[in-house]
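Asks: Spelled out, the chains give:
Number of protein chains: 4
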Amino acid sequence: MIIVLKPEVTEPQIEHVIQRVESLGLRAHLSRGTYRTIIGVIGDESKLRVAPLEAIPGVASVVPILPPYKLASNEAHPEPSVVEVAGVKIGGGWLAMIAGPCAIESAERMDAIAAAVKKAGANLLRGGAFKPRTSPYAYQGMGEDGLKILRDTGRKHALPVVTEVMDPRRVELVDQYTDMFQIGARNMQNFTLLTEVGQTRKPVLLKRGLSATVKDLLMSAEYILSEGNSQVVLCERGVKGFDPIARNLFDVAAVPATKSLSHLPIIVDPSHATGRPDLIPPCALAGVAAGADGVHIEVHNCPEEALSDGPQALLPEQYAAIARQIRQLAALLGKKISSVNSGNQ
Amino acid sequence: MIIVLKPEVTEPQIEHVIQRVESLGLRAHLSRGTYRTIIGVIGDESKLRVAPLEAIPGVASVVPILPPYKLASNEAHPEPSVVEVAGVKIGGGWLAMIAGPCAIESAERMDAIAAAVKKAGANLLRGGAFKPRTSPYAYQGMGEDGLKILRDTGRKHALPVVTEVMDPRRVELVDQYTDMFQIGARNMQNFTLLTEVGQTRKPVLLKRGLSATVKDLLMSAEYILSEGNSQVVLCERGVKGFDPIARNLFDVAAVPATKSLSHLPIIVDPSHATGRPDLIPPCALAGVAAGADGVHIEVHNCPEEALSDGPQALLPEQYAAIARQIRQLAALLGKKISSVNSGNQ
Amino acid sequence: MIIVLKPEVTEPQIEHVIQRVESLGLRAHLSRGTYRTIIGVIGDESKLRVAPLEAIPGVASVVPILPPYKLASNEAHPEPSVVEVAGVKIGGGWLAMIAGPCAIESAERMDAIAAAVKKAGANLLRGGAFKPRTSPYAYQGMGEDGLKILRDTGRKHALPVVTEVMDPRRVELVDQYTDMFQIGARNMQNFTLLTEVGQTRKPVLLKRGLSATVKDLLMSAEYILSEGNSQVVLCERGVKGFDPIARNLFDVAAVPATKSLSHLPIIVDPSHATGRPDLIPPCALAGVAAGADGVHIEVHNCPEEALSDGPQALLPEQYAAIARQIRQLAALLGKKISSVNSGNQ
Amino acid sequence: MIIVLKPEVTEPQIEHVIQRVESLGLRAHLSRGTYRTIIGVIGDESKLRVAPLEAIPGVASVVPILPPYKLASNEAHPEPSVVEVAGVKIGGGWLAMIAGPCAIESAERMDAIAAAVKKAGANLLRGGAFKPRTSPYAYQGMGEDGLKILRDTGRKHALPVVTEVMDPRRVELVDQYTDMFQIGARNMQNFTLLTEVGQTRKPVLLKRGLSATVKDLLMSAEYILSEGNSQVVLCERGVKGFDPIARNLFDVAAVPATKSLSHLPIIVDPSHATGRPDLIPPCALAGVAAGADGVHIEVHNCPEEALSDGPQALLPEQYAAIARQIRQLAALLGKKISSVNSGNQ
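Residue numbers (numbering that gives the first Met the number 0), protein chains in the order written: chain D, 0 to 344; chain H, 0 to 344; chain B, 0 to 344; chain A, 0 to 344.
Please note: incorrect hints may appear among the correct ones.
[What the hints assert, rightly or not] With a straight-line Cα cutoff of 25 Å, these simulated DSS-like cross-link-like pairs (lysine-lysine) come out: (1) D:Lys5 to A:Lys334; (2) D:Lys46 to D:Lys69; (3) A:Lys147 to A:Lys118; (4) B:Lys69 to H:Lys5; (5) B:Lys334 to D:Lys334; (6) H:Lys69 to H:Lys46; (7) H:Lys46 to H:Lys201; (8) H:Lys201 to H:Lys69; (9) A:Lys334 to H:Lys334; (10) H:Lys69 to B:Lys5; (11) B:Lys118 to B:Lys147; (12) A:Lys214 to A:Lys201; (13) A:Lys214 to D:Lys5; (14) A:Lys335 to D:Lys69; (15) B:Lys69 to H:Lys214; (16) B:Lys46 to B:Lys214; (17) H:Lys118 to H:Lys147; (18) H:Lys201 to H:Lys147; (19) D:Lys201 to D:Lys69; (20) A:Lys46 to A:Lys214; (21) D:Lys147 to D:Lys118; (22) B:Lys5 to H:Lys46; (23) B:Lys155 to B:Lys118; (24) A:Lys214 to D:Lys214; (25) D:Lys201 to D:Lys214; (26) A:Lys69 to D:Lys5; (27) H:Lys118 to H:Lys155; (28) H:Lys335 to H:Lys118; (29) A:Lys5 to A:Lys201; (30) D:Lys118 to D:Lys335; (31) A:Lys5 to D:Lys46; (32) H:Lys5 to B:Lys214; (33) B:Lys214 to H:Lys214; (34) A:Lys5 to D:Lys214; (35) B:Lys118 to H:Lys5.
Hints were generated in silico from the structure; no laboratory data involved.
Computed from a predicted model, the values in this text were never measured in an experiment.
Given the sequences, and given the hints that come with them, work out the whole structure.
Replies: The following block contains the structure:
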């Protein structure tokens with residue numbers, strides 16, 4: 000950590016800063032420049048993070064050197080992590096193909112969609128039983144009945160399942176039915192919920208918040224990791240943008256940027272990132288080309304009747320077409336795709 | 000609601016859209032233009048909101064006319080609401096002066112800060128017992144011990160208190176100690192939590208999320224209102240911006256923009272909006288000048304020892320100076336400030 | 000165009016709006032709903048665009064139906080355009096490979112870089128002679144001497160050249176040396192300059208501004224097209240974002256979103272979009288996967304000595320590696336790449 | 000400047016960096032920490048700015064200490080500057096009241112508007128003769144005829160005038176008619192134009208670009224200042240935001256943030272910042288409360304007939320009302336307002 004002092008800093012102020020650094024068991028290294036004086040801090044930087052040095056008179060700014068996320072960081076774990084969801088590998092060269100409807104609506108519809116995406120090559124089934132809806136008057140999901148449908152449908156088609164949990168009081172319930180938890184973008188900094196899923200030992204799909212930096216996302220992953228659950232998969236699903244042409248702004252560079260800092264797998268969700276069916280296929284390919292460890296796409300067999308987010312779902316035949324292209328691109332890039340029936344590949 | 004059709008729409012597609020509209024008990028009004036054909040929908044628009052018309056072939060876009068927030072809307076309640084927190088009025092010409100430390104750290108410190116802000120003219124005391132921290136390694140708050148300190152300090156100084164609740168399982172606990180709940184920016188779309196505080200009958204301070212539009216904020220308020228709790232105060236505390244010069248981007252225009260749509264009071268929080276002590280006083284005045292119903296400022300008597308957000312707190316003497324200016328400006332604008340001792344004013 | 004009236008609109012106000020519409024030679028079609036009354040306007044919508052209807056009392060909002068860019072629009076020109084730069088085709092299935100240093104620094108360096116990128120498969124050479132620098136104290140470019148070096152180097156290596164023009168007074172000068180004009184992001188709405196290059200008959204590479212929507216970009220293209228120059232190639236090079244992890248936010252979805260509205264080719268510039276050499280290759284591939292008609296990459300043989308933007312340049316060997324991957328991906332997607340020597344392909 | 004080295008940096012790489020620093024005539028000060036090694040650079044930091052140190056292998060990041068804008072900086076000029084426009088003072092406690100139509104449309108209309116705003120207390124008259132319009136089909140302004148109308152109207156009503164210049168070839172022409180140049184937001188980084196107005200000795204109103212940071216704005220001011228023209232007034236007029244509720248996002252905190260770095264006056268333009276007549280008065284007051292040195296408001300006597308930006312103009316009576324409130328607030332804050340007739344106040 001480097002402490003930059005103000006031009007008008009006084010000697011007693013410098014003394015005060017140094018004493019404060021040393022009182023924390025660290026060493027201070029003073030360096031007087033032509034224009035500015037700085038103090039380098041030597042020792043365990045994390046001790047300083049709780050101490051608000053910027054508030055000390057004479058301090059202009061404090062520049063941290065080490066990342067505040069330790070367990071999520073590449074420095075702690077130089078090899079890419081592989082997260083395994085009931086036999087489906089994600090990361091470290093393994094590409095996940097997650098598909099399914101936004102919301103679980105009925106056993107029949109779920110069965111039809113699952114059959115279609117399985118045939119098209121998906122290896123993980125998604126579906127929401129508890130829906131975070133902007134409006135209290137919008138469809139809120141089927142609850143536990145939906146979870147049962149999801150689990151049964153997944154078993155029938157040999158597809159592990161992933162579903163969102165929103166309420167810390169329901170983590171235990173959802174845990175009984177799902178193979179992977181999803182934490183939605185709006186809950187990325189719901190630290191209560193992160194702590195709760197961190198105490199399970201089940202994989203977590205953590206979606207990036209709409210105004211979260213990559214480092215914020217890693218800090219939220221750190222909440223889960225620091226509870227002892229190392230099975231975290233990140234997901235880029237668009238950030239808030241200024242252009243109304245798409246629902247959100249798909250930040251494809253976040254995929255390699257995250258990998259430059261962390262060992263955790265990161266997938267892309269072009270459905271939520273764009274909100275436009277015509278933009279989903281090109282953005283799915285872009286995500287894979289940029290190095291994503293998986294693609295999450297919403298599929299519905301009758302979007303105009305969907306109870307949630309119909310307009311952004313692909314039809315099963317559209318999904319089959321893009322899944323084919325993703326597989327070709329994955330082959331070109333040397334990526335493998337887990338198949339559940341045969342164990343792997 | 001207006002349904003705009005694509006240039007290449009076919010007659011059967013138009014028929015299909017009209018049937019769908021009529022199947023919902025609404026009337027469709029077809030209008031063929033030189034370039035485009037549109038369908039006006041007559042009847043209760045909210046029925047259409049659950050039906051994803053954009054997904055129907057031939058439909059180009061759907062333009063809503065009525066706001067999706069009813070209870071929060073000006074149309075439902077044309078007069079500004081006044082929310083009363085244990086005798087302190089907010090809204091409808093009454094200005095709230097909320098002050099206190101970011102986190103409750105000890106009874107002694109809380110007492111000193113409360114005495115100072117009371118003397119300076121604050122009429123509501125804030126302090127966090129449960130802290131939403133980006134890092135799992137940062138100080139997380141004193142919990143119930145902190146709540147007790149807050150309540151006792153508030154009683155001693157005749158200041159009603161407001162504190163954040165993050166976990167729906169703790170709403171009942173926090174309810175026993177506080178006069179007003181705070182929902183933090185990161186939890187603005189934690190719908191589970193909104194529903195829970197909506198079921199109490201205690202005032203709620205709802206902070207705007209960093210990437211929330213004004214309408215998103217009103218939709219979140221609607222969650223609370225629709226549970227039967229009408230005591231909601233909104234808070235503008237900065238949105239995510241691109242300029243690193245301040246922590247967030249203080250959206251002062253959101254104050255009058257919200258008032259143009261809603262009867263709910265809205266206050267400003269220049270501490271979180273800027274994160275810079277030198278910007279807090281000018282932004283506090285700007286908020287009041289723009290019509291805010293209150294000002295929320297973090298105050299600490301030793302920022303460099305604060306366990307949370309020290310660098311953005313004002314010293315008690317700085318708070319006293321800005322409180323004086325706020326009172327002068329309030330007088331100029333004809334605003335009143337509740338004083339708890341004397342009941343009102 | 001649809002004119003939505005306010006709930007409290009009066010009959011005389013409705014009359015006034017209708018008269019105004021009819022005074023412009025258009026027909027008004029009144030439709031009274033349960034909650035709102037609207038007026039559909041039938042006829043040439045562009046006549047209405049100059050008339051500020053929102054300012055008329057009783058009008059709530061005006062919803063346009065037709066795009067304001069005509070020549071750039073897909074509706075005017077349903078087939079993708081192919082722009083040809085001295086034999087190198089861009090668009091309609093042809094992929095441009097543009098490479099070169101940020102600034103032209105000397106004939107020797109330019110020659111070495113050109114030889115390297117030509118060998119790696121580039122088919123257009125870039126280099127700046129006039130540099131738009133944020134600081135007046137930064138290197139501003141070699142001027143006409145640089146233009147000569149660029150032209151001569153391009154001829155020697157059979158690479159058509161593209162260079163930025165910033166000053167309308169220098170369009171004629173630059174025209175003598177270059178095969179394609181570049182308009183930089185900061186000048187995307189320098190309408191004086193757009194008009195000037197619109198009056199030449201030379202291809203223009205128009206970069207998207209940092210806060211420009213896709214529609215703003217098309218409106219700027221329209222300035223060039225409406226002067227009679229139809230040879231416009233668009234370029235996505237990142238928009239302003241909130242995450243300091245990269246210089247800008249690479250908006251890869253803008254590629255298919257632009258194609259959904261316009262026939263103009265659009266390329267990507269991952270160098271400026273990210274500002275980080277390690278993010279350039281994955282973002283280049285992402286752009287091609289999303290359907291871009293070309294890739295623009297800065298290459299320098301000694302980035303630490305570069306006079307401008309050194310840190311974001313690839314080394315020649317890094318460029319060769321990514322160019323190889325781009326060709327493989329282009330082959331997978333069925334794209335062709337012009338080679339100047341053999342005329343095409 | 001501080002150079003932070005990578006954890007895996009080698010000794011020869013450290014040597015290389017030190018040599019490079021010393022080759023520029025600076026001193027390097029090596030400091031080895033527990034985790035990271037840093038090099039402090041002592042001497043004239045501006046020499047290093049042209050050298051891209053981030054591109055040297057082993058370098059993780061480079062942290063500048065001094066601002067790159069020298070002439071605009073507070074450090075160079077600790078007292079606030081007062082810019083005088085034909086007798087009207089701006090800055091250093093003097094508040095400018097700039098008003099007028101978006102575009103000059105006719106001598107009669109200009110005269111009526113000027114008479115009204117003069118009566119309401121405006122002390123500078125604005126009006127555009129050359130309009131930067133997003134669409135090539137929109138009204139582009141009256142040109143030199145408009146300039147004549149503006150000058151004559153200003154003289155008649157004893158109001159100095161300000162008008163936009165867009166084309167560097169017309170700086171000389173505009174100079175003959177105006178008392179102050181305006182550089183629009185879209186041209187904030189049109190360095191050619193900045194250099195040109197920098198070579199005149201007439202005050203310049205420099206508007207902040209929609210994606211410009213405060214430091215970018217100061218760097219653009221530096222272009223003008225470094226040409227020898229010290230008469231620069233900055234203007235906050237909204238940045239690009241994500242909420243469609245207003246045209247732009249009024250960044251009121253930019254006013255005190257700019258003042259913390261620079262001696263230059265800064266005014267606010269709530270008309271362009273919000274684009275909504277109902278938001279202009281509260282945002283005008285907010286700007287003054289935050290410390291702005293002036294308020295720029297568009298006024299039109301018949302917005303529905305305005306040829307440009309009609310919907311965002313205030314009516315003369317609305318302007319008179321807000322001007323009255325601004326004067327009251329200015330008095331409260333101890334600000335003075337120049338009146339041209341009497342010289343000063």
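Asks: State for each hint whether it applies.
Replies: Going through the hints against the structure:
1. D:Lys5 to A:Lys334: violated, 30 Å
2. D:Lys46 to D:Lys69: The given pair, whose Cα atoms are some 14 Å apart, holds under the 25 Å limit.
3. A:Lys147 to A:Lys118: holds, 22 Å
4. B:Lys69 to H:Lys5: Between Lys69 (chain B) and Lys5 (chain H) the Cα gap is close to 17 Å, so the pair holds against 25 Å.
5. B:Lys334 to D:Lys334: Roughly 22 Å between the alpha carbons, so the hint for Lys334 (chain B) and Lys334 (chain D) holds.
6. H:Lys69 to H:Lys46: holds, 14 Å
7. H:Lys46 to H:Lys201: violated, 32 Å
8. H:Lys201 to H:Lys69: Given that 25 Å is the threshold and the Cα spacing comes to 21 Å, the pair holds.
9. A:Lys334 to H:Lys334: holds, 22 Å
10. H:Lys69 to B:Lys5: Holds - the C-alpha atoms of Lys5 (chain B) and Lys69 (chain H) are around 17 Å apart, at most 25 Å.
11. B:Lys118 to B:Lys147: Roughly 22 Å between the alpha carbons, so the hint for Lys118 (chain B) and Lys147 (chain B) holds.
12. A:Lys214 to A:Lys201: Holds, at roughly 23 Å.
13. A:Lys214 to D:Lys5: The given pair, whose Cα atoms are some 19 Å apart, holds under the 25 Å limit.
14. A:Lys335 to D:Lys69: This hinted pair is violated, its Cα atoms lying about 55 Å apart.
15. B:Lys69 to H:Lys214: Since the Cα atoms of Lys69 (chain B) and Lys214 (chain H) sit roughly 33 Å apart, the hinted pair is violated (cutoff 25 Å).
16. B:Lys46 to B:Lys214: Given that 25 Å is the threshold and the Cα spacing comes to 20 Å, the pair holds.
17. H:Lys118 to H:Lys147: Distance of about 22 Å is within 25 Å: holds.
18. H:Lys201 to H:Lys147: holds, 18 Å
19. D:Lys201 to D:Lys69: holds, 21 Å
20. A:Lys46 to A:Lys214: holds, 19 Å
21. D:Lys147 to D:Lys118: holds, 22 Å
22. B:Lys5 to H:Lys46: holds, 21 Å
23. B:Lys155 to B:Lys118: OK: Lys155 (chain B) and Lys118 (chain B) at ~13 Å, within 25 Å.
24. A:Lys214 to D:Lys214: Holds: Lys214 (chain A) and Lys214 (chain D) sit about 24 Å apart, inside 25 Å.
25. D:Lys201 to D:Lys214: Satisfied, since the Cα-Cα distance of roughly 23 Å is no more than 25 Å.
26. A:Lys69 to D:Lys5: holds, 17 Å
27. H:Lys118 to H:Lys155: Distance ~13 Å between Lys118 (chain H) and Lys155 (chain H) Cα, so the pair holds.
28. H:Lys335 to H:Lys118: holds, 17 Å
29. A:Lys5 to A:Lys201: With Cα atoms ~49 Å apart, Lys5 (chain A) and Lys201 (chain A) exceed 25 Å; violated.
30. D:Lys118 to D:Lys335: With Cα atoms ~17 Å apart, Lys118 (chain D) and Lys335 (chain D) stay inside 25 Å; holds.
31. A:Lys5 to D:Lys46: Distance of about 21 Å is within 25 Å: holds.
32. H:Lys5 to B:Lys214: holds, 19 Å
33. B:Lys214 to H:Lys214: holds, 24 Å
34. A:Lys5 to D:Lys214: holds, 19 Å
35. B:Lys118 to H:Lys5: Measuring from Cα to Cα gives roughly 48 Å; hence the hint is violated.
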